[in-house]
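Chain order of the listed sequences is A and B.
Taking the working numbering, the leading residue of the first sequence gets 1, the next gets one more, and so forth.
Taking the working numbering, the leading residue of the second sequence gets 1, the next gets one more, and so forth.
What the hints contain is simulated information worked out from the structure, not anything from laboratory work.
You may find that some hints are simply not true.
[Said to hold, decoys possible] BS3-like cross-link-like pairs, simulated, lysine-lysine; straight-line CA separation at most 25 Å:
| no. | chain 1 | residue 1 | chain 2 | residue 2 |
| --- | --- | --- | --- | --- |
| 1 | B | Lys65 | A | Lys20 |
| 2 | A | Lys117 | A | Lys19 |
| 3 | B | Lys22 | A | Lys19 |
| 4 | A | Lys19 | B | Lys65 |
| 5 | B | Lys22 | A | Lys103 |
| 6 | A | Lys107 | B | Lys22 |
| 7 | B | Lys22 | A | Lys117 |
| 8 | B | Lys7 | A | Lys107 |
| 9 | A | Lys19 | B | Lys78 |
| 10 | A | Lys20 | B | Lys78 |
| 11 | B | Lys22 | A | Lys20 |
[What the hints assert, rightly or not] Partial list, derived from the structure: chain B residues whose beta carbon lies under 10 Å from chain A:
| no. | residue |
| --- | --- |
| 12 | Glu18 |
| 13 | Val19 |
| 14 | Lys22 |
| 15 | Met23 |
| 16 | Met71 |
| 17 | Leu72 |
| 18 | Gly73 |
| 19 | Val95 |
| 20 | Cys96 |
| 21 | Gly101 |
| 22 | Arg102 |
| 23 | Asp104 |
| 24 | Ser105 |
| 25 | Val108 |
| 26 | Phe109 |
| 27 | Thr110 |
[Claimed, not checked] These stretches of chain A come out as covered by chain B in the derived footprint (C-beta under 8 Å, 3 or more residues):
| no. | stretch |
| --- | --- |
| 28 | 11 to 21 |
| 29 | 84 to 96 |
| 30 | 99 to 110 |
Remember, predicted model here, so these are calculated numbers, not experimental data.
All C-beta atoms, glycine included, are put in the ideal place defined by N, C-alpha and C.
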Amino acid sequence: MSFNVLIVDDSNSMRAVVKKIISISGFKMDQCIEAGNGNEALKALAENWVDVIVSDINMPEMNGFELLQRLREDEFLRNIPVIIISTESSEQHVRDAFDLGVKGFIKKPFLPEEVRKILYEVIGVSDEGEYEEDRGDDEAFDF
Amino acid sequence: MKENMKKIEEMMRLSISEVFEKMFFLFLEPPDDDEAGTYDMESSIRFDGSMRGEVRVLLSRDMAKAMVQNMLGLEEDKIIPQRVEDCAKEAVNMVCGYFLGRFDSTRVFTLSAPVFREQVGDLDLAEDACRLDFDSDGRKAGVIVAVD
Chain A
1 MSFNVLIVDD
11 SNSMRAVVKK
21 IISISGFKMD
31 QCIEAGNGNE
41 ALKALAENWV
51 DVIVSDINMP
61 EMNGFELLQR
71 LREDEFLRNI
81 PVIIISTESS
91 EQHVRDAFDL
101 GVKGFIKKPF
111 LPEEVRKILY
121 EVIGVSDEGE
131 YEEDRGDDEA
141 FDF
Chain B
1 MKENMKKIEE
11 MMRLSISEVF
21 EKMFFLFLEP
31 PDDDEAGTYD
41 MESSIRFDGS
51 MRGEVRVLLS
61 RDMAKAMVQN
71 MLGLEEDKII
81 PQRVEDCAKE
91 AVNMVCGYFL
101 GRFDSTRVFT
111 LSAPVFREQV
121 GDLDLAEDAC
131 RLDFDSDGRK
141 AGVIVAVD
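Put together the whole structure using the sequences plus the hints.
Pasting the structure below:
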């Protein structure tokens, strides 16, 4: 099973790093769409279906929190899992992000393993790329 | 404030070291010669919260190149100025964010957009500021934290 991923970050370098980590982590990526801020992300989502969104918080034009709010208000987009990768590390911002429905929060700087682990937990894919039917099986996330 | 600057200095030392290790695979050590301060570019960011100020990351050209190469897995001939700028901005963003999280994770800080300069500005330190210099295989990196 392959996945469509939307990476939202105003840094080209960070988007490239996240894309690389996803591709070397054993995920079968069909499409990797990139956006530089929340506005671009919403435009991309109007034209493409994605299985997971990986987003930064501090971005120009529309930041990650505004994007999360807009996703939450949209009945077609609200169920897309979102993982935040950000330098934001205050307890309040992490709480706010989870209150807005994010499935994972990774603080920069991060190790590739941290991204990989949360992606496996969120997308529910085994090391072989098969969809995990039993989300309760903790061993499925070990690697 | 002096006591606070000591704390700031120690936390910044840990923060920049961890960012460079994790994201750029570069190990920062104290400089062992008199060449500290020979930098070619800098990126800076302002922060505002329970304290307010600025963080500047200073880089030698070969340090910036190594950061781009290591972070993006690029060959040297594929490094373009835009990549260097982007990497330097991301570095100061991460260093400042990580430092503030260590300093006080119970408070929310607002960060400005990072700014990149192809030359290094004034290195004279104000009273409430500290500067740290590092070396990684001859490549130079430094950081200045100034509190308003």
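Practice item. Check each numbered hint against the structure and report the violated ones by number, ascending. Key: none
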